Each structure stands twice: as C-alpha cells, then as structure tokens.
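Below are the chains, spelled out letter by letter.
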Amino acid sequence: MSRAGVAVILGFVVAACARETRPVVVGSKNFTESVLLGELVAQTLESAGCSTERRLNLGGTLVCDKAIESGAVDVYVEYSGTALTAILARPVSSDSKRVTAIVREAYAARGLAWGPALGFDNTFAMLVRKSDSQRLHLATIGDLRKVALEFRPGFGYEFTERPDGWTGLQRAYGFELAQRPVAMDLGLTYRALAAGEVDLIAGNSTDGLIESLGLVVLQDDRAYFPPYEAAIVTAGAIDAKCPGARAALDSLAGRIDDAAMRRLNFEVDGRKRDVGLVVEEFRRSVGTQTPKRR
Amino acid sequence: MNRAFALEIARLSGEHVVLVAVSVALAALIAIPLGIACTRREAIGRPALRIVDAIQTIPSLALFGFLIPLPFVGGIGAKTAIVALVLYALLPILRTTVTGIRGVDSVVREVGVAMGMTPRQLLVEVELPLAAPSILVGIRIATVTGIGLATIAALIGGGGLGTLIFRGVAMVDARLLLAGSLPAALLALIADFGISRVERRLSAPPSRDTRV
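Those protein sequence lines, which keep their order, are chains A and B.
Letter 8 of the first sequence, counting from 1, is numbered 10 in our numbering, and no numbers are missing.
Letter 43 of the second sequence, counting from 1, is numbered 206 in our numbering, and no numbers are missing.
The set of hints was computed from the structure by calculation and includes no laboratory data.
Just to be clear, a hint being listed does not mean it is correct.
Which chain A residues stay away from chain B? Per the calculated CB distances, all over 10 Å, these [stated by the list, open to error]: (1) Asn-32; (2) Arg-131; (3) Gly-144; (4) Gly-158; (5) Glu-163; (6) Thr-169; (7) Val-184; (8) Gly-189; (9) Leu-190; (10) Arg-193; (11) Val-200; (12) Asp-223; (13) Ala-225; (14) Tyr-226; (15) Lys-243; (16) Val-270.
Just the calculated beta-carbon pair ranges, DEER-fashion [as the list claims (entries may be wrong)]: (17) B/Pro-196 x A/Lys-148: 47 to 55 Å; (18) B/Arg-360 x A/Lys-148: 34 to 42 Å; (19) A/Glu-178 x B/Met-334: 54 to 62 Å; (20) A/Gly-170 x B/Val-236: 47 to 55 Å; (21) B/Val-361 x A/Arg-92: 42 to 50 Å; (22) B/Leu-341 x A/Gly-51: 46 to 54 Å; (23) A/Arg-273 x B/Met-334: 32 to 40 Å.
Computed from the model, here is a short list of chain B residues facing chain A with C-beta under 7 Å [to be verified]: (24) Phe-227; (25) Val-236; (26) Ile-239; (27) Ala-241; (28) Ile-319; (29) Arg-330; (30) Ala-333.
As the structure is a computational prediction, the values presented were derived from the model and not from experiment.
Virtual Cβ for every residue (Gly too), placed ideally from N, Cα, C.
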C-alpha cells in the first residue's frame with residue numbers, strides 16, 4: 003500500500019475517533035457534595051446515551067472554572083453565590099433571583115450556559131444543638147440576642163475573619179455575643195458543638211452532619227447570607243459531543259431540595275457509602291433513571 | 164508592618180513556644196521512664212513501642228476528632244492541643260531512650276555489677292549517663308518537629324503561630340502565611356541550635372581536669 007494510502011486511512015481513523023468517541027467531560031470540585039453532583043450529572047448523561055469521562059475532585063472553584071473555560075471540562079455544578087463573587091468578582095447580593103440573572107448573563111457572554119438549578123441552596127447555616135433550640139426557643143438568627151451573654155461561638159477561620167462573616171452577621175442583625183468566637187478547623191466545629199464545647203457554629207445548610215448530630219439550622223430571616231443555589235454549568239462543545247445532553251440535564255431541574263442534598267451527603271460522609279451507588283439509588287427513587295441505551 | 168500586628172506575632176510566637184515546651188517536657192516525662200521500663204521488660208517494650216508507632220500515624224484532625232468529646236484531656240483549646248502534641252512527641256524520645264540504654268556496652272554494665280552496684284545505681288550512674296546523648300537526640304527531634312507540628316493547635320482554637328497560617332489560608336493572604344511560617348522556622352532553628360549545644364557538652368568525654 004502506498005504511503006499516501008496509509009496516510010488517508012490514518013486520517014479517517016483519527017477523524018472517526020475524534021467524532022464518535024469524544025466523551026463529555028464531567029468535572030467536580032474536591033468535596034463530597036460536588037463529587038456527588040458530578041456523579042449525578044455523569045450518570046444522567048450516560049442514561050441519555052452520551053459517553054462520559056469523569057474528572058471529579060478537581061481542586062477548587064477556580065480550577066473547575068479554568069477547566070470549563072478552556073474546554074478541558076464540558077459540564078460541572080457551580081453555586082450561584084460562588085460564581086458571582088469568586089468567579090465574576092461582583093459584589094455580594096442576597097437577592098437570589100438577581101444573582102441568578104447576573105450570573106446567567108455573564109456566563110453567556112463567556113460562552114457558557116448557566117443551566118438548570120438543581121433545587122437546593124448550599125448557603126451558610128448558623129447551627130445550634132436541638133436541645134438548646136427547644137429549651138431557649140431559638141428559631142431564627144435574630145433569636146441569638148436572647149443568649150448573647152452566655153453563648154460560646156466557634157467558627158472556621160474563614161467565617162471568623164471575613165468581614166462578610168461573623169462581624170457582618172452581627173451588624174446586620176443588630177446584636178453582639180459577649181464572647182469572641184473560637185477559631186478552629188471547620189470540620190471540628192461540628193464535633194465541638196455536639197460535645198458541648200461551643201454553642202453556635204457556622205456550617206453549610208446541606209451538610210449531612212446536621213441531621214445525624216441532631217443540630218438545628220437557625221432561619222436567616224433577614225436574608226444576610228447570599229444564595230448559593232446549585233446549577234449545572236455547560237460549555238458549548240457539549241452539543242457536538244452528545245446531542246441529547248442538554249435535555250437530559252434539564253430533567254434534573256429542581257430535583258434536589260436542601261433535605262435531599264443533606265441526605266445524599268450523609269450517605270457518603272456519614273455512612274461511608276460509595277458515591278456511584280448512592281447516586282444510582284437516588285436516581286431510582288426520584289425516577290430520573292431511564293434504561294441505558296448504548 | 165504595623166505595631167499591633169507585630170505584637171500579635173510576638174504573642175502567638177510566645178504561645179507557640181509554650182505549646183512546644185510543655186508538650187515536649189511532658190512527653191519526656193512519660194517516654195523516658197517508659198523507655199527504661201521497655202529495656203527492663205520485653206512484655207512492656209514490644210506493645211509500648213507498637214502503640215507509640217501507631218499513634219504517630221493518626222492524622223491530627225482525626226486525633227482531635229477523638230479527643231474533643233473526651234472528659235479531662237479533651238475539649239477545645241490549648242489543653243487538647245498539648246495532649247495531641249505530647250502523643251506525637253512520644254515516639255522519638257521513647258525510641259532513642261530504648262536505643263541509648265540498649266546500646267550501653269555490656270562490659271561496662273558487668274563492671275558496674277562487679278563493683279556491687281544495685282540495679283538502681285547501675286541505671287542512674289552508668290546506663291542513663293551513657294544513654295543521655297541518644298535521649299537528647301530524641302528530645303531534639305521532638306522539639307524541632309514539634310515546632311512545625313504545633314501549628315495544628317490552631318485547628319482547635321489552641322493558639323500559636325498556626326492561627327496566622329490558617330487565617331492566611333482561609334483569606335488567601337500570603338502575608339499572613341509568612342507571618343506564621345517564618346517565626347516558626349526561626350524558632351525551630353533556635354531550638355535546634357540550643358539543644359545541639361547541650362548535646363555537644365554531654366557527649367564530650369568527661370573531664371578529669373580540675374583546673375578551671
């Protein structure tokens with residue numbers, strides 16, 4: 003066979019590979035919830051007949067953003083508040099509709115689609131023990147003024163230090179706890195609260211530990227915390243790689259509320275179960291699982 | 164750098180020194196007698212060394228997770244941090260104590276026995292002085308690594324230079340990171356130098372010279 007013939011065949015092979023099997027690359031950040039959502043997106047795409055490649059556990063927000071911007075990743079789940087402040091460097095806003103509108107427009111300008119919202123808001127949550135909440139009638143953050151003298155707060159470094167953390171919260175609600183917060187590792191604050199070493203911590207509203215440790219989220223009735231609604235971000239290339247991808251992802255809109263997300267997180271963090279299995283089970287339970295067409 | 168910040172660095176450095184000094188001292192008080200016991204009875208020696216080895220492999224966050232709910236040693240703050248630091252400092256001191264005592268020449272020991280020394284005298288007047296340089300190496304390692312390790316105290320509100328480092332990480336502020344790490348590095352160098360001086364004195368051949 004002539005060299006030209008070999009070259010032509012090779013060319014065809016390369017082109018065919020490039021067109022047929024280029025998988026949709028699914029990314030996620032490096033924490034349980036993000037990995038779970040990445041897995042959910044990947045399984046949903048696979049049910050729709052897309053071939054996928056998982057790139058879960060990518061560093062943090064900025065790594066994921068750079069990856070999707072450069073085309074190394076085609077889809078991942080981002081939070082509206084994070085996109086607004088960390089990625090777009092816009093001022094914080096607690097109006098969730100406005101935040102989504104700003105983010106959607108700015109993403110469109112970057113060639114990215116701010117897709118369907120999954121239905122939960124992973125925002126900051128001020129947490130107390132259930133026993134305290136009942137005994138002292140604490141339901142909202144404002145109720146903390148009743149215990150301003152005796153409550154001992156303990157927070158992660160970020161919430162302690164940032165002006166839009168504890169300091170801003172107390173100013174917005176117009177109270178001040180007598181004791182300065184103990185700054186410590188964020189994960190350990192949960193244990194410290196459960197052990198009675200501190201009385202108030204700042205966690206995440208979808209954390210699986212909230213239910214398992216018997217904690218209560220104080221309502222943010224003055225909407226101090228910005229919204230962190232989870233939404234699927236997709237790059238334009240996804241349509242070429244798998245035409246059915248967008249429709250499949252749209253079917254996830256509004257499927258996971260705060261409590262459902264907490265449960266999923268707890269299955270993995272608390273029960274140490276496999277992410278893939280937990281997601282499969284969840285999809286079966288909400289009926290988004292369609293038979294695989296490969 | 165403003166004055167308040169400099170004062171804060173100084174205060175946290177002070178806390179850091181206290182964390183390390185107290186934890187290494189407590190670890191020495193536990194590990195040296197334990198090391199002696201290890202060389203006397205194999206039934207103590209093997210399990211003790213295994214346990215201390217195992218402790219070393221527990222990640223600090225997990226260890227704090229265990230400690231927080233415990234009464235007396237647990238909770239949050241400097242006390243719990245010191246408990247963890249003591250546990251981590253046991254290994255080098257215990258190992259070098261055992262090695263130091265086992266390394267004493269059996270002839271020397273027999274001479275002691277022949278001179279009519281009691282086991283106690285043998286230990287205090289022969290074995291421990293000869294093992295001292297080795298034990299001091301253990302204390303030196305425990306101190307220098309402890310200075311780095313003590314930054315974990317900030318994970319449970321225990322103070323020290325780790326406070327600046329974790330604040331720096333949370334706020335993505337390189338200035339804070341340096342303000343925490345540079346003094347820690349400096350402390351480690353100072354401690355290393357100081358202990359090496361003591362070490363050199365101890366390992367020098369005992370002088371019989373009475374001239375001053």
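Quick rundown of the hints versus the structure:
1. The non-interface label for A/Asn-32 is consistent with chain B: the shortest C-beta to C-beta separation is roughly 15 Å, beyond 10 Å.
2. For A/Arg-131, the condition that its CB be more than 10 Å from all CB atoms of chain B holds, with the nearest at approximately 13 Å.
3. Every beta carbon of chain B lies more than 10 Å from that of A/Gly-144, the smallest distance being close to 26 Å; the non-interface claim holds.
4. A Cβ of chain B approaches the Cβ of A/Gly-158 within 10 Å, the least distance being about 7 Å, so the stated non-interface status is violated.
5. A cut-off of 10 Å between C-beta atoms contradicts the statement that A/Glu-163 is not in contact with chain B; the least separation is 5 Å.
6. The claim that A/Thr-169 is not at the interface with chain B holds, since no C-beta of that chain comes within 10 Å of its own (minimum 13 Å).
7. Against the 10 Å criterion, A/Val-184 falls within the reach of chain B, whose nearest CB is about 4 Å from its own CB.
8. Remark: the non-interface label on A/Gly-189 conflicts with the geometry, its nearest Cβ contact in chain B lying 7 Å away (cut-off 10 Å).
9. Once the 10 Å rule is applied to beta carbons, A/Leu-190 is inconsistent with being away from chain B; the minimum gap is 6 Å.
10. Chain B draws A/Arg-193 into its interface by the beta-carbon criterion, the shortest separation being 5 Å against a cut-off of 10 Å.
11. At roughly 7 Å, the least C-beta separation between A/Val-200 and chain B is not larger than 10 Å, which violates its mark as non-interface.
12. The Cβ of A/Asp-223 lies farther than 10 Å from every Cβ of chain B, with a closest approach of about 27 Å, so its non-interface assignment holds.
13. For A/Ala-225, the shortest C-beta to C-beta distance to chain B comes to about 24 Å, beyond the 10 Å cut-off, and the non-interface label holds.
14. A cut-off of 10 Å between C-beta atoms confirms that A/Tyr-226 is not in contact with chain B; the least separation is 19 Å.
15. At roughly 34 Å from the closest C-beta of chain B, the C-beta of A/Lys-243 stays outside 10 Å, upholding its exclusion from the interface.
16. Its beta-carbon lying about 17 Å from the closest one in chain B, A/Val-270 satisfies the requirement of being farther than 10 Å from that chain.
17. Restraint check, B/Pro-196 to A/Lys-148: a C-beta distance of roughly 52 Å satisfies the suggested window 47 to 55 Å.
18. Checked against the hint of 34 to 42 Å, the C-beta distance between B/Arg-360 and A/Lys-148 comes to roughly 59 Å, which is inconsistent with it.
19. The hinted window of 54 to 62 Å between A/Glu-178 and B/Met-334 is violated, with their beta carbons roughly 22 Å apart.
20. A/Gly-170 and B/Val-236 have their C-beta atoms about 36 Å apart, which leaves the hinted 47 to 55 Å range violated.
21. Checked against the given bound of 42 to 50 Å, the beta carbons of B/Val-361 and A/Arg-92, roughly 59 Å apart, lie outside it.
22. Checked against the given bound of 46 to 54 Å, the beta carbons of B/Leu-341 and A/Gly-51, roughly 53 Å apart, stay inside it.
23. A/Arg-273 and B/Met-334 have their C-beta atoms about 34 Å apart, which keeps the hinted 32 to 40 Å range intact.
24. Residue-level restraint check for B/Phe-227 holds (minimum Cβ-Cβ distance to chain A is 6 Å; threshold 7 Å).
25. With its C-beta approaching chain A no nearer than about 13 Å, B/Val-236 sits outside the 7 Å limit, and its interface hint is violated.
26. Restraint check, B/Ile-239 versus chain A: the minimum CB separation of about 5 Å is within 7 Å; hint holds.
27. The beta carbon of B/Ala-241 is not positioned within 7 Å of any beta carbon in chain A (closest approach about 11 Å), and the interface hint is therefore violated.
28. For B/Ile-319, the shortest C-beta to C-beta distance to chain A is roughly 5 Å, which falls under 7 Å, so the interface hint holds.
29. A distance limit of 7 Å between C-beta atoms decides the matter here; for B/Arg-330 the minimum to chain A is near 5 Å, and the interface restraint holds.
30. For B/Ala-333, the interface hint holds, the least distance from its beta-carbon to any beta-carbon of chain A being 4 Å, beneath 7 Å.
Hint check: violations occur at hints 4, 5, 7, 8, 9, 10, 11, 18, 19, 20, 21, 25 and 27; the rest are consistent with the structure.
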